Structures are given as structure tokens and as C-alpha cells.
Amino acid sequence: MKKRILTLAFIVTMIASLAGCGNKSGENGQVIVYNWGEYIDPETIEMFEKETGIKVVYDEFETNEIMYPKVKAGAVKYDVICPSDYMVAKMIESDLLHEINLDEMPNAKANIGKQYWEMSTQFDPGNKYSIPYCWGTVGILYNKEMISEPITSWADLWKPEYSGQILMQASVRDLLMVGLKKNGYSMNSLSEDELKVATKDLVEQKPLVQAYVIDEVRDKMIGNEAAIGIIYSGEAIYTQRENENLVYVYPEEGTNVWIDNWVITKNTENYENAVKFIDFMCRPDIAKINFDFITYSTPNEGAQALIEDDEIRNSYIAFPNLSDYKNLETYTYLGEDNDEMYNEFYKEILGADN
Amino acid sequence: MLKNKQKLMLGLPYYFWAIAFIIIPLCLVIYYGLTDKTGAFTFNNIASIADPQHTKALWIAVKLSIISTIICLFLAYPLAMILVNFKKGKSSILVMLFILPMWMNFLLRTMAWQTLLENTGVINTLLQTIGLPKINIINTPGAIIFGMVYNFLPFMVLPIYNSLAKIDINVVNAARDLGANGIITFGRITLPLSLPGVISGITMVFVPALTTFVISAILGGNKILLIGNVIEQEFSQTSNWHLGSGLSMVLMVFIIISMIFTAIFDKDGEGLI
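From first to last, the protein sequence lines stand for chains A and B.
Take the first sequence: its position 146, counted from the start at 1, is 146 in this note's numbering, and no numbers get skipped.
Take the second sequence: its position 127, counted from the start at 1, is 127 in this note's numbering, and no numbers get skipped.
Just to be clear, a hint being listed does not mean it is correct.
To be verified - No farther apart than 35 Å at their CA atoms in a straight line, the calculated lysine-lysine pairs in the DSBU-like style are these:
1) Lys114(A) - Lys326(A)
2) Lys200(A) - Lys7(B)
3) Lys159(A) - Lys87(B)
4) Lys266(A) - Lys276(A)
5) Lys63(B) - Lys206(A)
6) Lys70(A) - Lys134(B)
7) Lys166(B) - Lys200(A)
8) Lys196(A) - Lys88(B)
9) Lys50(A) - Lys109(A)
10) Lys128(A) - Lys56(B)
11) Lys37(B) - Lys196(A)
12) Lys88(B) - Lys206(A)
13) Lys144(A) - Lys134(B)
14) Lys206(A) - Lys166(B)
15) Lys200(A) - Lys3(B)
16) Lys200(A) - Lys88(B)
17) Lys196(A) - Lys166(B)
18) Lys72(A) - Lys56(B)
19) Lys55(A) - Lys144(A)
20) Lys109(A) - Lys200(A)
21) Lys200(A) - Lys70(A)
22) Lys77(A) - Lys37(B)
23) Lys56(B) - Lys159(A)
24) Lys72(A) - Lys166(B)
25) Lys166(B) - Lys70(A)
26) Lys166(B) - Lys88(B)
Source of the hints: derived by calculation from the structure; they are not laboratory data.
On a predicted model such as this, the values are computed, not experimentally measured, just so you know.
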């Protein structure tokens, strides 16, 4: 009998400790945030925790495609997520997002520039679900010491003399975008024939490619490991601080303009805290701290006004005048079947012979 | 003697573990593998291994892991023999040196090799300063094999070491007494007696090498797609869990085959650590 009680006690403690796992929160509860890697200054999270007494549980992802199934499966109950444009559309369609009331977020309402709200309507009609956090472009970064002729277009990445020096992006949309744009097609093309042409080109280019990577582009370009890399504009500013030979160009065939946005999940358990978190991040001083840290363009006009360095404020990388460039496009959500078609072509490229 | 009931009670934590972390996930994989997006039963996910892309990835994975296993075997067997012949204290320090890197995270060690092997990495910079030619191994199948051998070598050394250590020295001495020379003694006494360790070493290297996706992503620069990468992409990029599970089940068949192989040759579990 005694033994049985012991066993019972053991099981009860096990269950109690398991149940206890979810309860470590601040005095005013918690908010679970799921953001891109290195996409916030950790200091601002601490400031938020101190000012509000809300504990932030912070988790990171590397691509939209990795984030989506985790959120959809609901294994972790994230409250605030930072998906890109086309992924916001996909999440709205899958009914994963909570509507946002801008009147509850005075900082967001006052500080996010009008043009960014307009850009957002492409994937979030009526600005009902998302608050712009960062935006930028995708371009080519090259090392002017390692390459004699300036690079101006996607087609330059097919020149045999750059063999072994090119870093391409290892994510479905960003890789196929290059092939599509090079041939003058839309990066949201639904035509199988156009995708076939793009894929054929990217397969042909493969022997010239050093590696397909995502976050490593930054370090490899800084360390002179590669001469040419496809990179997000925010990362480009960071790499130029570390290596002055790096030049960022907008390819002449056109490229991708993207916005990453704060959203709140449909089945959030901490809606109030999520609203507070997003609004806190839209405060000009906080947005400025984050801009300095991650160097991705902020749509926060209050923060833009706080930037003292003229060179950065007028930088063609950080705050380009988009009308200067031709054929810029934002990704749109393609639908499940077309996503699958894109994935098949992506697999074909990565699986091709070197 | 423990009564059966008491035995069952003692096993409870393990049963709980096994059900929660082995049986249930396995059932989920089988469920996903045998259904399509609408939830209807299908064999298509498993049959898709015949898709040329997938067959190619599987073939490359099999090829690279066989090469790695062979290299591991040829490195590990002599090493295990050296270790066994050392006196007790010395050999345990050496065995320890072998296990030591395993205390560090596998991912970190692999990423460290990426930095070491890069064209402008530590090794090439060193080679160049002393006037030697550079090695261009990063992002090639060679780098993947290197990563596999480096990471899985201890899994080959330890079982062979164990089975060699168990051989009674008198058996070897008897062979020598009866006139067998070193080579014959090795071929007819030592090798057959150590076979269980060799077989479980082969399984323990081949299986993780066949299924890896991290090594090919980090050291292969995503340029060489192994079957592990295909499965990983189905889960992380494509969010097609059904196809990913179906392909995982095909890989499981390979693993089960190699386990049967081990069970036949290593009946007493001698090679197990």
C-alpha cells in the first residue's frame, strides 16, 4: 500500500511540475513573440518588460515557410508574429489572424507613414490585421575589390568568370524570383512555362554558385569568402559597416520590395499584452533603437526623424525613393496549389547536378 | 525476487517516456504518411520515392553514407586495436579523448568545420602562409563525407573497442601456440570474434549518415540534396507533412533492414555500448 502511495505521489508531482511549465509569467502576464532571427534589439524587450511588467517569451524563425506550419499546428500559442507581406495574406486566408483596432495603438497610428499603410493594402486590404515593422528590398551585394566590372543586373550572375563566387538565397520565393526577373517575368508568375524557363536558368547557373544560404550571406560577404551575394537591404547596410568594399545594387530587371509586419494570432490568450507590445515597438524612440541595431528600414516616420546621421537618412539602401527604380514588385500569396508548384521547381534546382 | 507487478511499476517511467516520445510520434508519422491533405488513405506519399528527384537524393545519400561508413571502419578498427592493447589507465584516457568532442553540440561542431574549411577559412589561410596549395573542399560531396566521418567516427570506434576488449587473450595465445602467425591469428580469431562490434558500428554510422540533413546543408552549402534534406524541406519549407512522413517511412525501411542485419550477426548484443 505504501508503495502505491509513493507511486501516486510521484505521478502527481510529475503532472504538477508539467503544469507549472506554462505559468512563469510577469506580474502582468506574458506575451509570446515569434520574430525573425536578429530582428529586434534585445534591449527594447527588456525595456518593455520593465515598463509594463509583462514578461516577453521570445522565439525566432529563419523563413516564413518555417514559421507558418508551426503557427498553424498551434504547438506553441504565439501571440505576436512578424510575417512578410505574402505570408500575411496566406495567414489571413487561413484564418489565423486576429483583427487589430488601431485606436488601441496610438503610437502605431501616429508614427507609421501613410505610404507604408498603402503598400500594405496589397496583402492586407483595409489594414485590418497587420502593422508595418520593417521594409526593404532584395538586391545584389558585391565586393568591388574582388570584381572588376560593376554588377548591374541579375543576368550578370550567369557570367562564367564569377564561378564559385556567387551566394544565392536558399528559400523558395527568393531563389525563383531571380530566375523569373532575369527573364522579365513577374515574381508572382503563375505560368508553368515561365517557371520552367526560370528553373532551367537557375539549374544552368548552379555550377557557378558557391552555396545556397540565408543568414550566412552576411558573414561570408564580410569575410571575403564570396564576391557576390543576394541579400536583403537591411543586411547590406550592416555588412558595409564591417567591410567597406561591399556595394549594394538594385538589379535593372527589377526586384522585390517587401514589408514585414506585426500581427496578432487568432487564438491569442494575451490580446491586451500583444497590443501593448506592438504599440511599444512603434514608439519613435524604441523604433529608432531597433533601427540602429538591425539596420532594416523602418516605416516609422517618428523614428526616421530621430536619425541624426544624414548619410543614413538619405541612404539609397535604407530609405530609397522607390519611384527611381523600375519593375519593383511585392510578393503576393499564390494559393496552395501554386505554392506546391513553386516548391517542386525549387526542389528541382537544389537537386540538380553541380 | 520482484513480483511481476512490481517490475511493471518500476518500468512505469520508461513506459510513459516510450509512449509519449516514441510510440505516439511514430503513429503520427505513419498516419501522415498514409493519408493525403483531405485525410483520405493513400500510398502516394510512399510511392513518391520513385519520383526521379527523390530517387536521386536517396541514391546520393546511400552512396555518401556507404563511403563514410567504409572510411570510418578503416579508421576505427586499427584505432580500437591500439586502444585495447594499451594498459588499463592509458586506454581509458584515450577512449575519453574520443568521447570528449561528443559533449559539445553536434551542430556547433559542424558549423565550426564550415568556418575552418572555407576558402578563406582557418585551414586554408594556414596552408597559404606556409606556401602550400589551398584545399577547395567546402560545398562539395567531399566536405559532406568529411563531416559524416568526423561526427560519426566515435560510434564506430566504441563498439569495436568493446568487442575487442572482450576477447580472451588466452584464445589468441592458443592460436599462436599452435603455430598460427599474426596474420592468420587476426583473420581467424580476432576478426571473427570482433564481428559483432563491427556490425553494430556499421549500423550506428550508416543510419545517422543516411538520414542527416544538417551536415549537407552546412558543409555542402545546400548544393547537394540528400534524402534527409528533401524530407526536412517538406516539413519546414513546403509544409507538406504528408509527403515528408511518407518519405520518412521509406527511410525507416532501410533502418529496419540494417537493424535486422545487426540482430543476425550480433545475437548477444556484444557490440552495444
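Outcome of the hint check:
With a CA separation close to 22 Å, the supplied pair Lys114(A) and Lys326(A) stays within the 35 Å bound. Between Lys200(A) and Lys7(B) the CA atoms are separated by roughly 63 Å; this puts the pair beyond 35 Å, and the hint is violated. A C-alpha spacing of about 61 Å is found between Lys159(A) and Lys87(B), which places the hinted pair above 35 Å, so the restraint is violated. Proximity of Lys266(A) to Lys276(A) is assessed by CA-CA distance (about 16 Å); at most 35 Å being required, the pair is judged to hold.
With a C-alpha separation of about 22 Å, the suggested pair Lys63(B) and Lys206(A) falls inside the 35 Å cut-off, and the hint holds. Taken as a hint, the Lys70(A) and Lys134(B) pair is broken in the structure, with Cα atoms around 43 Å apart against an allowance of 35 Å. With a C-alpha separation of about 58 Å, the suggested pairing of Lys166(B) with Lys200(A) is violated against the 35 Å cut-off. For a cut-off of 35 Å, the pair hint linking Lys196(A) to Lys88(B) is broken: about 64 Å separates their Cα positions.
A hinted pair counts as satisfied when its Cα atoms are at most 35 Å apart, and Lys50(A) with Lys109(A) qualifies at roughly 24 Å. Simply put, Lys128(A) and Lys56(B) have alpha-carbon atoms about 46 Å apart, too far for the 35 Å limit, and the pair is violated. For the proposed pair Lys37(B) and Lys196(A), the alpha carbon gap of about 26 Å is at most 35 Å, so the pair holds. Proposed proximity of Lys88(B) and Lys206(A) is contradicted: the alpha carbons are some 53 Å apart, above 35 Å.
Between the alpha carbons of Lys144(A) and Lys134(B) the distance comes to roughly 23 Å, so the proposed pair stays at or under 35 Å and holds. Restraint check: the Cα-Cα separation between Lys206(A) and Lys166(B) comes to about 52 Å, which exceeds 35 Å; the hinted pair is violated. For the proposed pair Lys200(A) and Lys3(B), the alpha carbon gap of about 69 Å is over 35 Å, so the pair is violated. As the CA atoms of Lys200(A) and Lys88(B) are separated by approximately 61 Å, the hinted pair breaks the 35 Å bound.
Using a Cα cut-off of 35 Å, the hinted pair Lys196(A) and Lys166(B) is violated, with the two alpha carbons roughly 60 Å apart. A C-alpha spacing of about 31 Å is found between Lys72(A) and Lys56(B), which places the hinted pair at or below 35 Å, so the restraint holds. Note on Lys55(A) and Lys144(A): the hinted pairing is violated, with a Cα-Cα distance of about 46 Å set against a maximum of 35 Å. With a C-alpha separation of about 46 Å, the suggested pair Lys109(A) and Lys200(A) falls outside the 35 Å cut-off, and the hint is violated.
Note on Lys200(A) and Lys70(A): the hinted pairing holds, with a Cα-Cα distance of about 32 Å set against a maximum of 35 Å. Distance check on the hinted pair: Lys77(A) and Lys37(B) sit about 23 Å apart at the alpha-carbon level, within 35 Å; holds. For the given pair, Lys56(B) sits about 28 Å from Lys159(A) by alpha-carbon distance, which is consistent with the 35 Å threshold. At most 35 Å may separate the alpha-carbon atoms for a hinted pair to count; Lys72(A) and Lys166(B) exceed this at roughly 53 Å.
For the given pair, Lys166(B) sits about 48 Å from Lys70(A) by alpha-carbon distance, which is inconsistent with the 35 Å threshold. The hinted pair formed by Lys166(B) and Lys88(B) meets the criterion: a straight-line CA distance of about 13 Å does not exceed 35 Å.
Of the numbered hints given earlier, the model fails hints 2, 3, 6, 7, 8, 10, 12, 14, 15, 16, 17, 19, 20, 24, 25; all others are met.
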